[in-house]
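Next come the chains, spelled out residue by residue.
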Amino acid sequence: MKRLGLLLTVLLALPAPALAQRNEKGDSSTVYAINLPDVPVTLKEGAGRELVTRYCAICHTLGYIPLQPGFSQQKWAGIVHKMMRVYGAPVPKEDAPKIIEYLGSYYGPGSSGKGGQ
Amino acid sequence: MSRKNFTRRDFLKTTGMVSAMAAVGTLPMELLAAEKPLITFPDKTELLLLTSRPPQLETPIHYFRELITPNEALFVRWHISDIPTRVDLGTWRLNVGGHVKQPLSLSLRELKARFEKISYTAVIQCSGNGRNLFDPRVPGGQWGNGAMGNVTWTGARLKDILQAAGLKAGSVAVGFNGLDGPPMKTVPDFVKSLPVDEALGEDLMVAYEMNGQRLPMLNGFPVRLVVPGWYATYWVKSLSDITVLDKPFEGFWMKTAYRIPDNPCACVPPGAKPAKSTPISRMNTRSLIITPGDGEKVPVGKEIEVMGLAFSGGYGIKDVLVSADGGRTWVETRLGKDLGKYAWVQWRCRWRPTKTGTFTLMARATNTIGESQPSESLWNPGGYRWNKIERITVQAV
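Top line first, the protein sequences correspond to chains A and B. When we follow our numbering, the leftmost residue of the first sequence carries the number 1, and every step to the right adds one. When we follow our numbering, the leftmost residue of the second sequence carries the number 1001, and every step to the right adds one.
Simulated from the structure, these hints should not be mistaken for lab results. Small disclaimer: the values here were computed from a predicted structure and weren't measured. Among the hints, erroneous ones may be present.
What the hints assert, rightly or not - Simulated crosslink set (PhoX-like; lysine-lysine; CA at most 20 angstroms straight-line):
| id | chain 1 | residue 1 | chain 2 | residue 2 |
| --- | --- | --- | --- | --- |
| 1 | B | Lys1318 | B | Lys1337 |
| 2 | A | Lys82 | B | Lys1255 |
| 3 | B | Lys1117 | B | Lys1159 |
| 4 | A | Lys82 | B | Lys1185 |
| 5 | B | Lys1159 | B | Lys1101 |
| 6 | B | Lys1302 | A | Lys82 |
| 7 | B | Lys1168 | B | Lys1247 |
| 8 | B | Lys1255 | B | Lys1302 |
As the list claims (entries may be wrong) - Using C-beta positions, here's what the derived DEER-type ranges look like:
| id | chain 1 | residue 1 | chain 2 | residue 2 | range |
| --- | --- | --- | --- | --- | --- |
| 9 | B | Pro1183 | A | Gly46 | 18 to 28 angstroms |
| 10 | A | Arg85 | B | Gly1357 | 51 to 61 angstroms |
| 11 | B | Asp1135 | A | Pro40 | 27 to 37 angstroms |
| 12 | B | Pro1269 | A | Gln74 | 40 to 50 angstroms |
Built from N, CA and C at the ideal position, the CB exists for glycine as well.
So here's chain B without its partners, still in its complex pose:
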């Protein structure tokens, strides 16, 4: 506790300009999150600061009590530090080129007018969400559980845009580049790619609205790619160039970075190097207990509500089970409003601690194709795809 306070005070002393906003609630979970200082960036509310250049900001967990994550509270994650801070829509264009019959150069107005407007809710989650939970710890952005959000996206179907440009025979991949650039020539530009069959999927979107509003600059204004069900590394922000390729994409951020062990569990023994790796892709299934908070005191003999969220990589959620005895017995929970297969669903159940003492609460989600959560973490060198069954403890008093 004193160390947490020291961290924040020390930070304030260093910067003299950062918020030490009064704790939003009194849950121990939030106090834990407060080990990272709170800071306000443009368009954003007070978020947990990981790094400022490039910005990496984490959502405080109390926002996950809401079904939809507000735009100003959504996490921020950039890779290379020359990020866009100024966009002139008079000259900005979305360029579609490469192995196509008719290259396109679309203004935002043209993008909105020419292509059917689609909308759905989808979880956006950083590949490294939960990285600071891995043991042994791995280098990188030390995210807690706040590098995710449930957002309603609106935009144009990527498939419609690609078909307007007309893919030539022999197209195999599509590359996506944004307005961000490297601080030095030797740093690889952040470019991602998808196999052409994935890129032509029915649900991929070039999004120009989040929750009915324009995108915050730090979340990819004016448009970003949305690859629902896949980790956010593919959701290229401030998208400016779509390039159709007639051979596989060989860029650093596909070939070297964001790779996972190429085996069924995408895991290796802790500390080991995988023999073979493959690009990260679809999200696994996970759940999170939001209330009560970890370490919270609850009244003995009185029924309380246990509430959380669950989602999977595009296959919805079949059920969420909760255990209050460390995993010996499980009870079913009631699922909340269904916003579709890409969204997260809230779950709730009632629980009454019958005696005083420490209880371990666990939640385990299963999606509609039977994918569930492991009881031990599946370690990998990048610290990706955290989805171990959550365990929190509460004190019945």
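Isolated chain A (complex conformation):
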């Protein structure tokens, strides 16, 4: 952890805006940038995991899944259909039931839902 903290400290040692405002011509001293940490998430092994990983991770971390409080398969179906209908998740029609079954089986009632990733 100390190493990560150090790494981020180094990444943050980029020009501060106070300094940046000296120059508004667009050279590098006006740039403020950060690097976001990569936080890989591995879902529980099971049929359908590969599909979930392929489609859900296009837009967001898979960490949203273990974060939820162990919903029923019916509730998960509502969420998956919302992702497809409202946000345009490109899930092929025949794959949606497999994704829903995976979520209901491996992140169904009894999952914690308190921690996130």
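On the provided structure of chain A, position chain B as indicated by the hints.
What follows is chain B alone, placed relative to chain A:
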């Protein structure tokens, strides 16, 4: 307890790079919060991780012992995953356009030089703060009580900026867009709007400082909208475009998302769908007990301090009452320093458990227009506006 430890260890194994910082204190409340792993993001201290892409980070509750929430400890919440990680102030501009007489394109320096600098302390609170307390549980970011903070904001009055651009007759709404973008074209961009009368309110601000410092990137560098008294969904981060509209705004994040039941309690029976909905707006009144922590052991016969915070949506706090007998009798608390109607106030009282056993401590705040807290949660499908009277238990030993 073992499950909590397992969660953290399991997480560490998965990532190999995340902090398992030693518990900051020994309060059970903090151990509870530690069920979410701690992680350090740029500009931020170790916060509780909900999700990493887009980032959603929660403030550990021990920071609320302080009147002002430090910048590095303030919660983080983004909606769509293409978030700004690089801003060039040489080319960055705040654009004001749409139904105006004189469109503006302001550099940060111009924004600071041209408009009067104002400053006040205001609570920023996510609409979904406390979502993981609802029963039945609802989907979304499973926040505990850490999606809020009390921050001193400094910036330019939104009204002054809008008046410099000059609203044309027939302006009805103002839209606000930031530098964040959707990961796919089909995902609606995060754009919010306010009715024009609200946008011209005296206290709304385009903030370029938090607690006297520049904004952390993850809290909306270089500027964010501040709508004091309203939920943070309106406080658009990394604000880049203000658009005055001559008709109501129809975007997804107003018309479909962030809506509450359109009735006096903004609630429906648990699990039900509201017949009519309306955009979420002003915050309700709430309070939180910070010390002692939930489940803590306290010495019998000895006086201890009970301390917490309370705030409302722009009407200050009139009083906070505490009960140590499950709500049968209530005592008044002493309110701390008053930082204004948008800030939270700390409250304190002395309490002496007279016998051994379990005591239920409750706190109930009332604001200056009589708005208080319900004894049962007011359920809604989005898991918004949690403000049930808090109950914690302590063991007198």
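Hints the structure fails to honour
Structure breaks hints 6, 8 and 12.
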